[in-house]
Amino acid sequence: MMTFLIRRLLSAIPLVLGIATIVFFLLSLAPGDAASFLISPNITPEVLEQIRANMGLDQPVHIRYLRWMSAMLRGDFGVSLTRNQPVLDIIAEILPNTLVLSLCAFLLAFAGGILIGVFQAVRHNRPTDGILSVVGLFFYSMPSFWLALMLILVFSLGARNLWGWPIWFPASGMTSVDYPFMSPGEQLRDRAMHLFLPSLSLALVLAAGIARYVRGSMLEVIRQDYIRTARSKGLSEFKVIFKHALRNGLIPVATLFGLYLPFLFSGAVLIETVFAWPGMGRLVVDAIFQRDYPVVMAGTFVFAIMVVAGNLIADVLYAVVDPRIRYE
Amino acid sequence: MSFRSLSAASALGMTFLAGACGGVDQGARSLAGLPQFCQEVLPRVDAYLSQFEHPSGERYGGTAVIGSIGEMPEGMNALVSSDYTSSQHQSFVNLMTLVDFDPSFQPRPYLAESWEFDQEAHELTFRLRDDVFWHDGTPTTAYDVEFTYLRVTDPETAFPNGAFWTHYVPGRDGVVVVDSLTVRFSVAPHAEFMDPWRTVGIMPVHLLRDIPSPELRQHPYGTRCPVGNGPFVFESHQVDAAWSFVRNPAFPKGLGGPPYLDRYVYRIIPEQTTLLTELLTENIDYLVAPGPDQTPQIEAARMLELRAFPFRSYDLVGWNARRPHLSDARVRQAITLGLNRAEIVQAIRQGYGEVANAGVPPFHWAFLEGIRDSLSYDPTRAAGLLEEAGWVDRDGDGVRENADGSRLEISVKYNLGNQQREDIAQIMQAQLRPLGIAITPQVVEWGTLLNQINTPENRDFDGVVIGWVTEFKIDDHDLFHSEAANQPFGWSGTRDPELDRLIDTLQMVVEREEALPLWRDFQHRLIEVQPYTYLYHLERLAGLNRRLQDVELDARGEWINIKDWWIPADLR
Chain A
1 MMTFLIRRLL SAIPLVLGIA TIVFFLLSLA PGDAASFLIS PNITPEVLEQ IRANMGLDQP
61 VHIRYLRWMS AMLRGDFGVS LTRNQPVLDI IAEILPNTLV LSLCAFLLAF AGGILIGVFQ
121 AVRHNRPTDG ILSVVGLFFY SMPSFWLALM LILVFSLGAR NLWGWPIWFP ASGMTSVDYP
181 FMSPGEQLRD RAMHLFLPSL SLALVLAAGI ARYVRGSMLE VIRQDYIRTA RSKGLSEFKV
241 IFKHALRNGL IPVATLFGLY LPFLFSGAVL IETVFAWPGM GRLVVDAIFQ RDYPVVMAGT
301 FVFAIMVVAG NLIADVLYAV VDPRIRYE
Chain B
1001 MSFRSLSAAS ALGMTFLAGA CGGVDQGARS LAGLPQFCQE VLPRVDAYLS QFEHPSGERY
1061 GGTAVIGSIG EMPEGMNALV SSDYTSSQHQ SFVNLMTLVD FDPSFQPRPY LAESWEFDQE
1121 AHELTFRLRD DVFWHDGTPT TAYDVEFTYL RVTDPETAFP NGAFWTHYVP GRDGVVVVDS
1181 LTVRFSVAPH AEFMDPWRTV GIMPVHLLRD IPSPELRQHP YGTRCPVGNG PFVFESHQVD
1241 AAWSFVRNPA FPKGLGGPPY LDRYVYRIIP EQTTLLTELL TENIDYLVAP GPDQTPQIEA
1301 ARMLELRAFP FRSYDLVGWN ARRPHLSDAR VRQAITLGLN RAEIVQAIRQ GYGEVANAGV
1361 PPFHWAFLEG IRDSLSYDPT RAAGLLEEAG WVDRDGDGVR ENADGSRLEI SVKYNLGNQQ
1421 REDIAQIMQA QLRPLGIAIT PQVVEWGTLL NQINTPENRD FDGVVIGWVT EFKIDDHDLF
1481 HSEAANQPFG WSGTRDPELD RLIDTLQMVV EREEALPLWR DFQHRLIEVQ PYTYLYHLER
1541 LAGLNRRLQD VELDARGEWI NIKDWWIPAD LR
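Residue numbers (this note's numbering), protein chains in the order written: chain A, 1 to 328; chain B, 1001 to 1572.
Hint data in this document are derived by calculation from the structure and do not stem from the laboratory.
The reader is advised that the hints may include incorrect statements.
Stretch by stretch, here's where chain B covers chain A in the computed footprint (C-beta under 8 Å, at least three residues) [claimed, not checked]:
id : stretch
1  : 19 to 25
2  : 130 to 144
Take a look, some chain B residues computed to stay more than 12 Å from chain A by CB distance [unchecked claim]:
id : residue
3  : Glu1071
4  : Val1399
5  : Asn1402
All residues carry an ideal CB built from backbone N, CA and C; glycine is no exception.
Kindly produce the complete structure, drawing on both the sequences and the hints.
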């Protein structure tokens, strides 16, 4: 197993570098550069040229690429052209925000999706199965940004201003402005309250998809002979389902894990925008629009690593849930 | 039971994750991870300010929160700053300018307590206050002003508003420190020569003198640890999330003393609906520039107040007069006459704006009352001008052709994601169709659009819906002067000797009375040449929580009197 993991990691190095190279040259094909966004009648052409020179944008693309690549290999991702800070500092500040949001959404999505999927499989063809299928499809087909706005209107604006609910959730940010003056307990609560709506927005859509997979997989498993045997031994239904059936039923979920993990880092951009969550997706998309190539490149690098890591984790999970799978 | 356990486990996991990132107290000055420069200067700020008692009184206390869609990319670094919000924070929050403008837009003392302009000797001399200190305790002196001037006129700094200094003598020859509180500049007499000193925040020489000019833009001073001398002291900045400032207890009594607010937080919320929700749920006190479509909700909320004030920006359709079918001024005039711009202001801005005919805003002293009704909606006159220019619908298909059979088809570009500009392009299409002008709205990604309109060799557009923000000193040289036709902002390619003469002369006339007739001629000539279809001067909107008292808003900006804002004790 260890040899397999090391081999996969080593093979990922050229992959990540290749992705970074392609993205660099694709970005250089886009019209304009970071300096061209400075538009004011007071900015003279000479000043614009000097800004370009100060940013290093006056060099040919291959020179910029070689400089970027050699600096990156030394661990230097350069300085953001629009935020005027070292890219590594920005990512060090932003990445944990994305990790917290993504992992919460992941936990909610997989816990919720698996439980609903199992429940539907057990209640196959009963009204609750049908209702959950419709509800699941409703969330699955819903654009996440729209869902996010609806959640804000209900759980933030409506809950506070219209219906006077005892609990309502903040619509944006990671903490309240009074956070520094709160006790540790209040700080924890404040963080959880701010985390709730964005992670729910992400998780609901994912959970609906996961539930469909789990339902289908479990339906196949619970019809098999060994499940019938377990029941005939007199085991409780809970043990039959969660101890014997679920492990096999989770094999396709491991694939989903590998697929969804990178999506959560790059695909949360709309949720991050709606909830003003300072995360990687928003950072990189803004950087693309502003032609801030050092940030785009660093973001691509992080996303590429996430894709590789996601696939690697999925491979490991296969082995965990299916003892027949052994990696040499 | 098992379902409950799993839910509990996931809730526990969520709480754990929530706590995992709660390790760093946002408010406490944490130096971990900051650059060396910041680790050196910030403790000095804390040590100096800790000596001062904070004032007490009915008005003192509370935190005001402003929400806006944009980050301040250059932060508090006035040497490289070009965006409006950063500039406002530099001028009124964290730094000080030599002068500021009073409500009638006349310069008044701020960091400089007096000034004198000797026209004969071409000398402008400022005398500084002696009671202003940087937030680390170092006095603010003429050497700071000299340093700021040397850096903004150094080509290597690439100070964005380089046009400010066109008539100043750049570099060391242009500035003399007479004594520690007196500084003198060499400057040719010209219009609005004080305007740069209202905008450019003075920067600390003792902290930045060793930084090479090309490195200033990316220096941590701007976004990680600015040390100002203004009414608010930098507290923290979280990228894409918030800036926070606290009261400067040492702000001079002669300038009103320390501000009333304990803290001021600028929050970045990129989604307009979320911003409005935060205002309605009282999580922010002040929403900067809500959309006109959001005004009914703000007006309906008892605790909120909607304010509208004239601003220095206008929207326009820029014409590429190099294109054969737009090269005749009569065609451009006909387009403007064929547009019901009053209706556009009503539809797009809900009436928060005024039809424009030139770039001089209505509140400006050079504004010409007489041009308000120029080029008002008049389709009959528009049709006459088109016919006069040889554009007639020869084949009866509803679109005019010229003698060569070329159809009067014009594409109008706008940037992706800008709903107002998209609506304008579509309204143009509908309003000009009966006149026989076929408008094709075309959406383009912002960076690509800038490239298409600003690249002199390219200019891949007929018309573009766009906007400008002006300064109080209006200088249209880079827009309409012949010398600018092949420069980035010479979109129209205008080459008009009369406009050139007026632009050149206007910049050198010091006295406003003397300049007024020239401004009148300039605006009339602009209407004749019609390089743009000016649409409207914006009225800027603000959504305010009523607990925030004494907020002044006008064309000078949103933060002009932030040091005077206060919150009643029972509403903090």
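Evaluated hints:
1. Three residues within the 8 Å Cβ limit are the bar, and the stretch 19 to 25 of chain A against chain B gives 0, so the coverage statement is violated.
2. Coverage of a stretch by a chain is defined here by at least three residues with a beta carbon nearer than 8 Å to that chain's beta carbons; for the stretch 130 to 144 of chain A and chain B the count is 0, and the condition is violated.
3. The beta carbon of glutamate 1071 (chain B) is not kept farther than 12 Å from every beta carbon of chain A, the shortest such distance being approximately 7 Å.
4. The Cβ of valine 1399 (chain B) lies farther than 12 Å from every Cβ of chain A, with a closest approach of about 31 Å, so its non-interface assignment holds.
5. With a closest Cβ-Cβ approach of about 32 Å to chain A, asparagine 1402 (chain B) is found to remain outside the 12 Å limit, as its non-interface label requires.
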